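Chains as they are written, first to last, in the numbering used here: chain A, 167 to 484; chain B, 167 to 484; chain C, 167 to 484.
Quick caveat, the hints were computed from the structure, so don't treat them as lab data.
Keep in mind it's a predicted model, so treat the numbers as computed, not measured.
It is possible that some hints are incorrect.
As the list makes no split between identical chains, a pair holds if one copy fits it or if it spans any two.
Below, in silico cross-link-like pairs of lysine-lysine (DSS-like), each with a Cα-Cα straight-line distance of 27 Å or less [stated by the list, open to error]:
| hint | residue 1 | residue 2 |
| --- | --- | --- |
| 1 | K206 | K423 |
| 2 | K197 | K173 |
| 3 | K283 | K300 |
| 4 | K283 | K417 |
| 5 | K325 | K300 |
| 6 | K206 | K325 |
| 7 | K300 | K423 |
| 8 | K173 | K300 |
| 9 | K283 | K325 |
| 10 | K325 | K173 |
| 11 | K283 | K206 |
| 12 | K173 | K423 |
| 13 | K417 | K300 |
| 14 | K206 | K300 |
| 15 | K173 | K417 |
| 16 | K173 | K206 |
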Amino acid sequence: MTVSLGKDLVGLEHLSREQITAILDTAEPFKEVSERQIKKVPALRGKTIVNLFFEPSTRTRISFEFAEKRLSADTVNVAASGSSVSKGETLVDTARNLEAMRIDMVVIRHGSSGAAKFLGDRINSNVINAGDGKHEHPTQALLDMLTLRDRFGSIEGLKVCIVGDVLHSRVARSNIWGLTRLGAEVAVCGPATLLPRDVEQLGVTVFPRVEAAIEWADALNVLRLQLERMTSGFIPSLREYNRVFGVTAEKLARAPKDLCILHPGPMNRGVEIDSEVADGPHSVILPQVTNGVAVRMAVLYLLAGGSQDAGSSGSEMS
Amino acid sequence: MTVSLGKDLVGLEHLSREQITAILDTAEPFKEVSERQIKKVPALRGKTIVNLFFEPSTRTRISFEFAEKRLSADTVNVAASGSSVSKGETLVDTARNLEAMRIDMVVIRHGSSGAAKFLGDRINSNVINAGDGKHEHPTQALLDMLTLRDRFGSIEGLKVCIVGDVLHSRVARSNIWGLTRLGAEVAVCGPATLLPRDVEQLGVTVFPRVEAAIEWADALNVLRLQLERMTSGFIPSLREYNRVFGVTAEKLARAPKDLCILHPGPMNRGVEIDSEVADGPHSVILPQVTNGVAVRMAVLYLLAGGSQDAGSSGSEMS
Amino acid sequence: MTVSLGKDLVGLEHLSREQITAILDTAEPFKEVSERQIKKVPALRGKTIVNLFFEPSTRTRISFEFAEKRLSADTVNVAASGSSVSKGETLVDTARNLEAMRIDMVVIRHGSSGAAKFLGDRINSNVINAGDGKHEHPTQALLDMLTLRDRFGSIEGLKVCIVGDVLHSRVARSNIWGLTRLGAEVAVCGPATLLPRDVEQLGVTVFPRVEAAIEWADALNVLRLQLERMTSGFIPSLREYNRVFGVTAEKLARAPKDLCILHPGPMNRGVEIDSEVADGPHSVILPQVTNGVAVRMAVLYLLAGGSQDAGSSGSEMS
Numbered sequence: 167m168t169v170s171l172g173k174d175l176v177g178l179e180h181l182s183r184e185q186i187t188a189i190l191d192t193a194e195p196f197k198e199v200s201e202r203q204i205k206k207v208p209a210l211r212g213k214t215i216v217n218l219f220f221e222p223s224t225r226t227r228i229s230f231e232f233a234e235k236r237l238s239a240d241t242v243n244v245a246a247s248g249s250s251v252s253k254g255e256t257l258v259d260t261a262r263n264l265e266a267m268r269i270d271m272v273v274i275r276h277g278s279s280g281a282a283k284f285l286g287d288r289i290n291s292n293v294i295n296a297g298d299g300k301h302e303h304p305t306q307a308l309l310d311m312l313t314l315r316d317r318f319g320s321i322e323g324l325k326v327c328i329v330g331d332v333l334h335s336r337v338a339r340s341n342i343w344g345l346t347r348l349g350a351e352v353a354v355c356g357p358a359t360l361l362p363r364d365v366e367q368l369g370v371t372v373f374p375r376v377e378a379a380i381e382w383a384d385a386l387n388v389l390r391l392q393l394e395r396m397t398s399g400f401i402p403s404l405r406e407y408n409r410v411f412g413v414t415a416e417k418l419a420r421a422p423k424d425l426c427i428l429h430p431g432p433m434n435r436g437v438e439i440d441s442e443v444a445d446g447p448h449s450v451i452l453p454q455v456t457n458g459v460a461v462r463m464a465v466l467y468l469l470a471g472g473s474q475d476a477g478s479s480g481s482e483m484s
Numbered sequence: 167m168t169v170s171l172g173k174d175l176v177g178l179e180h181l182s183r184e185q186i187t188a189i190l191d192t193a194e195p196f197k198e199v200s201e202r203q204i205k206k207v208p209a210l211r212g213k214t215i216v217n218l219f220f221e222p223s224t225r226t227r228i229s230f231e232f233a234e235k236r237l238s239a240d241t242v243n244v245a246a247s248g249s250s251v252s253k254g255e256t257l258v259d260t261a262r263n264l265e266a267m268r269i270d271m272v273v274i275r276h277g278s279s280g281a282a283k284f285l286g287d288r289i290n291s292n293v294i295n296a297g298d299g300k301h302e303h304p305t306q307a308l309l310d311m312l313t314l315r316d317r318f319g320s321i322e323g324l325k326v327c328i329v330g331d332v333l334h335s336r337v338a339r340s341n342i343w344g345l346t347r348l349g350a351e352v353a354v355c356g357p358a359t360l361l362p363r364d365v366e367q368l369g370v371t372v373f374p375r376v377e378a379a380i381e382w383a384d385a386l387n388v389l390r391l392q393l394e395r396m397t398s399g400f401i402p403s404l405r406e407y408n409r410v411f412g413v414t415a416e417k418l419a420r421a422p423k424d425l426c427i428l429h430p431g432p433m434n435r436g437v438e439i440d441s442e443v444a445d446g447p448h449s450v451i452l453p454q455v456t457n458g459v460a461v462r463m464a465v466l467y468l469l470a471g472g473s474q475d476a477g478s479s480g481s482e483m484s
Numbered sequence: 167m168t169v170s171l172g173k174d175l176v177g178l179e180h181l182s183r184e185q186i187t188a189i190l191d192t193a194e195p196f197k198e199v200s201e202r203q204i205k206k207v208p209a210l211r212g213k214t215i216v217n218l219f220f221e222p223s224t225r226t227r228i229s230f231e232f233a234e235k236r237l238s239a240d241t242v243n244v245a246a247s248g249s250s251v252s253k254g255e256t257l258v259d260t261a262r263n264l265e266a267m268r269i270d271m272v273v274i275r276h277g278s279s280g281a282a283k284f285l286g287d288r289i290n291s292n293v294i295n296a297g298d299g300k301h302e303h304p305t306q307a308l309l310d311m312l313t314l315r316d317r318f319g320s321i322e323g324l325k326v327c328i329v330g331d332v333l334h335s336r337v338a339r340s341n342i343w344g345l346t347r348l349g350a351e352v353a354v355c356g357p358a359t360l361l362p363r364d365v366e367q368l369g370v371t372v373f374p375r376v377e378a379a380i381e382w383a384d385a386l387n388v389l390r391l392q393l394e395r396m397t398s399g400f401i402p403s404l405r406e407y408n409r410v411f412g413v414t415a416e417k418l419a420r421a422p423k424d425l426c427i428l429h430p431g432p433m434n435r436g437v438e439i440d441s442e443v444a445d446g447p448h449s450v451i452l453p454q455v456t457n458g459v460a461v462r463m464a465v466l467y468l469l470a471g472g473s474q475d476a477g478s479s480g481s482e483m484s
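So here's chain A without its partners, still in its complex pose:
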C-alpha cells in the first residue's frame, strides 16, 4: 500500500495521519545516510531543484540544500535580493519561468501566508513550503514530530505544549495540525497578546502560566521570540518575558517528570529559553537539527517518487 503526498507539501493541515506517518517512516532510513562516510544516495540524480528564499534563512536553507545534495540532485539558490523579484516580477511569473526551465522542484520560503500553495497551484513542478508568512512550516513540524517519536516511541497520547509567540508562528501552526492528527494532546502557553484569539478552535488547551504547562506536559516546544515583538508592544520587556514565560531550569525543577525540550532555533538564550535548559540532558534541540535533514530528504524523495509513479504525465514535466 503506497501513500502519496500529492504534488506539493504546502502544510500539514490537510495531510492525513497516513501521509504524515509515511513521511516519518521514510525519514528513518535517510537518517543513516548522513552518518555514512559517503553521505550520498543517487535517488534524485539529474533532478533540478531551486531553493527560492524570499526571507533570510540559514538553517532551513542549508538543511534543504544538504538534503538535496545527499540525494544527488542539482540545486540552485535564489535569494530575494539580487533577483528579478527586485525588478518587480510577480511570483507567478517567477514560478512559470522556473517551470519553463524544467525545474523538478521548488523549495519556497516567502513572507506571505499562502505563497507556497499559490505557487504549487500554478506550476507542474513539485513545491515544498519552507515557511510561508504566519501560515505553515511543515518540514519543521515534521522534524519536531520525528524527534518526539524517537524519544517517546509514539506521538499518540503525548502531551505537547507549545510555548511562546504562537500568534506569529508558522512552526506552532504546523505542529498543532500535525501533532493533533497523530493523536497527541496539544496545548499552547504564552502572553495573551501573543496567542491567537480563537486558538481553542484548533483543538488545543491554553495555559496562561508556564508553570501549569510544565506540570501538564511531556514535552515543551519553545518558540523563538522575535525580538521586534518587544518594540511593537506585544511584551513589556525581554527580562519580564523571561521571568514569566522563559523556560528555565528553576521552573523545570518543579515538574513532576523530566520534560523533553524542543526549540526550532535560532535560540535567544536567556529570553525564551535558558542555556542550562537548552544544553541540558532533556534538550533534543540538536537531534531536531539532525532529523531535519532526514525529514527533508524523505519529503523530497516522496514527492519525486510520487510524480514518477504518476507515469506519463510526470515524465513530461519532471
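Place chains B and C on chain A using the hints.
Leaving out everything else, chains B and C in the frame of chain A:
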C-alpha cells in the same frame, strides 16, 4: 564540416550565419535533455565555470547555472556584492585570478559595454557574455531566434519588430545583428526618445507607431521598459506608454494575421505588454525560457568542444 | 611514516616543520589535477563542507570552493548577510547546528581573532581557518611557501621580507610562523604605525626603510594596504605611502639581485605595489593563486584522511 565559434561568445555582431546556425542546430538535441527524468549529460564533467555577475539577475543566472549543471560542469557563483570588486580590484585582476585558478569558462554580466570582450582578450578561459551594458546579450537573442525558428521553421524572410526601449537594450542590439545575419527583416518601434539616433544604419526599418508595426510584422519582440526611464524623463508616464506603445489585445486584434509575441522578461504587465497578450495563444514567452537553457547548453558545449579540438594548446589551459 | 595535522587547521603557529612540509608535499600532485581536462578526483566524494564566510571574500572563497569541488565534495556557502547570525545567533550555536547536520568540514572566515579555534574546539567536524581577525590565514601562508619553494627549491635559509601593514595582517602572522618554522630568515618592513610593537619577539628583523629590505631579501611579500588605514590616521596619504614603502621598479632596480615578488591580493596597484612590478618577470602573484587551489586541496584531503584514519570515532561524526 565543423564550424568553430572561436574562444569566446561576446556578441552576435561578428558571428557568421554559419556560426549562428551551428549554435541553433546544436541546441536542438539539448532541448531533449531537459525533458528527461535524469536531466544530465556528462559533456562538461570536471570543467569549472564561474558565473561572474556584476549586475543582479535571476533568470539568466539560473538558466546558465542549470545549463552548466545539466552538462555536469562544476560551477561557482560570484556576485559583485561581497566580492573583491568591492575592495577595488580591477576586472582584469579578477579575471587573471580566475584564470590562475584554472577556470575553464567565465560567464560574465557587467554594467559596462565591452566588459566581456575586455575579459576575453585577457584570459585563456572561454568567456561568455551574459549581458554587457547596452552592448549585447547574445544568448538572449539566440534563444529568441531558436524560438522563432521553432514557430516559423526558418528565420529567412521573417518580419520581426522589436518594440520599446531599443536605445538602452542589449537584447535589441543582439537581436538586430543576429536576425539580419540569418536573413530576417527587422524593424524597431518605440518613442523617439528611446530609439538610437542612427538605428537605420543597422539595417532596420523604424515604425513610429506600434499599429503600423503590428500591421507589418510576423513577430513582435516586446522589450522590458525599465521603470526608471520614466523618472529620467524618457517617457511621460507608464499609463501613457501603455496607451501608445503597449502591446495590447485590442491593438493586436486589428492585425491582418496572428502575431507571434516574444518578451525577454521580466515583464511589466500592463505597461509594455498586457497580461491577455503575455498569456495568450500566440505568446512564446515561456518557450523562450525553455529554449534559453538549451541555447546556453549549446554555447557552453561548442566553446568547450572548440578548445578540445584545438588539441595540445587547449589541454594547457582548459 | 604518516604525519597527522590533527582535526583542524587553525594556524601555522603550532604546526611542526614536518606537518607544514607534509601539506606542501601533498599539494604537489594536486597541482596537476587543475591542469587536466577533467579537473576532478573522487577523494572527498559524499563529504559535505560548509564555507562559512562572515567577511566578504572572492578569491579565498572561490579557491576553497573549487578545491572542494575538484575533490568531489558537496559544498554549501553561508554568508553572514542573510544568515541566522543576523538574527543574533551565537557562533557556537551556528557551529553546533552545522555539526548536527553532519557537516564533515567547515571553512570559516571571521572578523574575530580566535574564531576558528573557538569553533574547532566545540564541534567534531574538521575546521579550516580561512582568516580570523588579525590572527592567522594559514592557507595563504602555505600557498606563499609553496610558491617560494617552487621558485627557490627550498625555504631553508631563504631571506623573505614582508612589506606593509604587518600590524593588522593575518597573512603576515601566518607567514612569519610558517617561514621561520621551515628555516627561512624573515624580516618585516613598514611604517612604525603599522608594525606590531613587539614584532622582534617573533624572531624577525625589522627594516624601517624598504630600500634596506630590498638590499637584503631574496623575496618580498607585499601586503595589501587596507585603504581605511589612511582615514584612520595610520598613514598620511596613499601617495606618500607609495613613495616611501611602495614596491616600485625604480627601487627594485637598485637591488643586488632579482627579487621574487609575492602579493596575497587583491592589489592596490600604484599604492603598495606598482603595475610594472606586479606584472613583471619576477612576480609570482599569479602562481600564488594557482598554488592556492592545490594547497587547499591538500589541507582538505589531509584533514579528511586524518579523520578517516581515526577509525570508529571518525565514522560517527564525519
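Structure-based check of all given hints:
| no. | hint | result |
| --- | --- | --- |
| 1 | K206 / K423 | neither (40 Å within a copy, 54 Å between copies) |
| 2 | K197 / K173 | both (24 Å within a copy, 24 Å between copies) |
| 3 | K283 / K300 | within (14 Å within a copy, 38 Å between copies) |
| 4 | K283 / K417 | neither (40 Å within a copy, 35 Å between copies) |
| 5 | K325 / K300 | within (24 Å within a copy, 51 Å between copies) |
| 6 | K206 / K325 | neither (36 Å within a copy, 48 Å between copies) |
| 7 | K300 / K423 | neither (33 Å within a copy, 49 Å between copies) |
| 8 | K173 / K300 | within (22 Å within a copy, 42 Å between copies) |
| 9 | K283 / K325 | neither (30 Å within a copy, 41 Å between copies) |
| 10 | K325 / K173 | neither (32 Å within a copy, 42 Å between copies) |
| 11 | K283 / K206 | neither (30 Å within a copy, 29 Å between copies) |
| 12 | K173 / K423 | neither (42 Å within a copy, 40 Å between copies) |
| 13 | K417 / K300 | neither (29 Å within a copy, 43 Å between copies) |
| 14 | K206 / K300 | neither (34 Å within a copy, 38 Å between copies) |
| 15 | K173 / K417 | neither (44 Å within a copy, 39 Å between copies) |
| 16 | K173 / K206 | both (24 Å within a copy, 23 Å between copies) |
Hint compliance for this structure: hints 1, 4, 6, 7, 9, 10, 11, 12, 13, 14 and 15 are broken, all remaining hints hold.
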